[in-house]
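S.K.: Residue numbers (the working numbering), protein chains in the order written: chain A, 1 to 197; chain B, 1 to 103.
Because the hints were derived from the structure by calculation, they are not lab data. Beta carbons are placed, not taken as given, at the ideal position from N, Cα and C, and that holds for glycine. Some hints could be false.
Covered by chain B, according to a simulated footprint, are these stretches of chain A (three or more residues, beta-carbon under 8 Å) [claimed, not checked]: (1) 46-53; (2) 58-69.
A few chain B positions that, by computed beta-carbon distances, are all more than 10 Å from chain A [as the list claims (entries may be wrong)]: (3) Ala-22; (4) Thr-25; (5) Asp-94.
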Amino acid sequence: MSERIRLALIGLAVLVAVTLMGLAALLSSRPLEAFAFSVFAGALVTSALAIVLTRDIVRSAMWLMGALSSAAGLYFLLGANFLGVVQLIVYAGGILVLIVFGVMLTGRSPFLRFDPRPAETALAALVGVLLFAAFSAVLLGSAWPPLPGAVPVRQAATVREIGRALLTDYLLPFEVVSVLLLAVMIGAAYLARPVRR
Amino acid sequence: MYDVGLAHYLLVSTLVFAAGVATMTLKRNAIGVLIGVELVLNAASINFVAFGHYRAGGLDGQIAAVFVIVLAAAEAAVALAIFLNFYALHATVDVDRGDNLKG
Numbered sequence: 001m002s003e004r005i006r007l008a009l010i011g012l013a014v015l016v017a018v019t020l021m022g023l024a025a026l027l028s029s030r031p032l033e034a035f036a037f038s039v040f041a042g043a044l045v046t047s048a049l050a051i052v053l054t055r056d057i058v059r060s061a062m063w064l065m066g067a068l069s070s071a072a073g074l075y076f077l078l079g080a081n082f083l084g085v086v087q088l089i090v091y092a093g094g095i096l097v098l099i100v101f102g103v104m105l106t107g108r109s110p111f112l113r114f115d116p117r118p119a120e121t122a123l124a125a126l127v128g129v130l131l132f133a134a135f136s137a138v139l140l141g142s143a144w145p146p147l148p149g150a151v152p153v154r155q156a157a158t159v160r161e162i163g164r165a166l167l168t169d170y171l172l173p174f175e176v177v178s179v180l181l182l183a184v185m186i187g188a189a190y191l192a193r194p195v196r197r
Numbered sequence: 001m002y003d004v005g006l007a008h009y010l011l012v013s014t015l016v017f018a019a020g021v022a023t024m025t026l027k028r029n030a031i032g033v034l035i036g037v038e039l040v041l042n043a044a045s046i047n048f049v050a051f052g053h054y055r056a057g058g059l060d061g062q063i064a065a066v067f068v069i070v071l072a073a074a075e076a077a078v079a080l081a082i083f084l085n086f087y088a089l090h091a092t093v094d095v096d097r098g099d100n101l102k103g
């Protein structure tokens with residue numbers, strides 16, 4: 001019963017948060033974009049903080065799925081449709097499954113404890129807070145002028161344009177990455193082979 | 001009253017980056033460290049795409065982010081293979097146990 005009450009409380013909190021986001025978005029000149037940004041950014045930040053705070057590695061992996069999917073939503077908002085789809089397929093579909101496989105294969109013995117020591121917790125909190133404070137101070141104090149000669153395009157790039165760019169301007173990185181993927185495939189298969197004693 | 005701009009995206013990605021670094025520092029499970037690395041890489045690609053959309057224009061930011069995703073996949077595959085080897089040798093993935101060089 002307490003589980004049900006807790007679930008109801010979580011649902012209520014999410015509902016209130018989304019309603020508040022919607023009301024705040026109405027103040028913007030483009031309410032739909034502001035609302036979608038608030039939802040995706042809120043989900044991303046919540047998932048990232050939950051990854052840090054949760055003790056269970058399986059829960060970390062599941063929160064990582066939330067974070068990756070919300071990042072894909074942000075890509076869609078930024079007009080990077082192709083990138084958002086790639087993020088969903090490769091990250092949320094591929095890398096996450098790989099990570100969950102890793103979690104399962106490395107076992108969860110009841111004798112293995114991964115609880116961090118208090119000193120490590122303090123260090124992690126200090127590092128995170130300091131990095132966030134320093135970077136936000138820098139980025140909020142900067143103007144970020146546009147590049148000279150660059151015209152920001154406010155429309156979504158088509159897959160055709162991205163494919164053309166990959167095979168013309170970015171041909172060398174593209175080929176290097178394909179060789180790297182081959183090397184990674186061979187290397188991972190070699191490393192993960194059964195150990196002979 | 002407020003419009004979504006570059007600064008909002010940068011703030012979100014900064015928070016994700018800080019969370020990723022904190023995860024790397026905090027977790028003793030090697031796979032937890034890998035999850036932290038993925039968070040950091042995602043923060044970087046959000047920055048690439050946001051700058052490309054709001055400032056630089058063109059496709060450069062998106063293509064950089066595509067390469068980041070490819071490299072993240074490669075890194076995850078090799079890292080998990082190494083962790084499996086580590087688990088076969090030490091029967092745990094506690095990163096504190098990885099303090100000897102001779103297998």
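S.K.: Any of the earlier hints contradicted here, and which numbers?
M.R.: Hints 3, 4 and 5 are the ones this structure does not satisfy, whereas the remaining hints hold.
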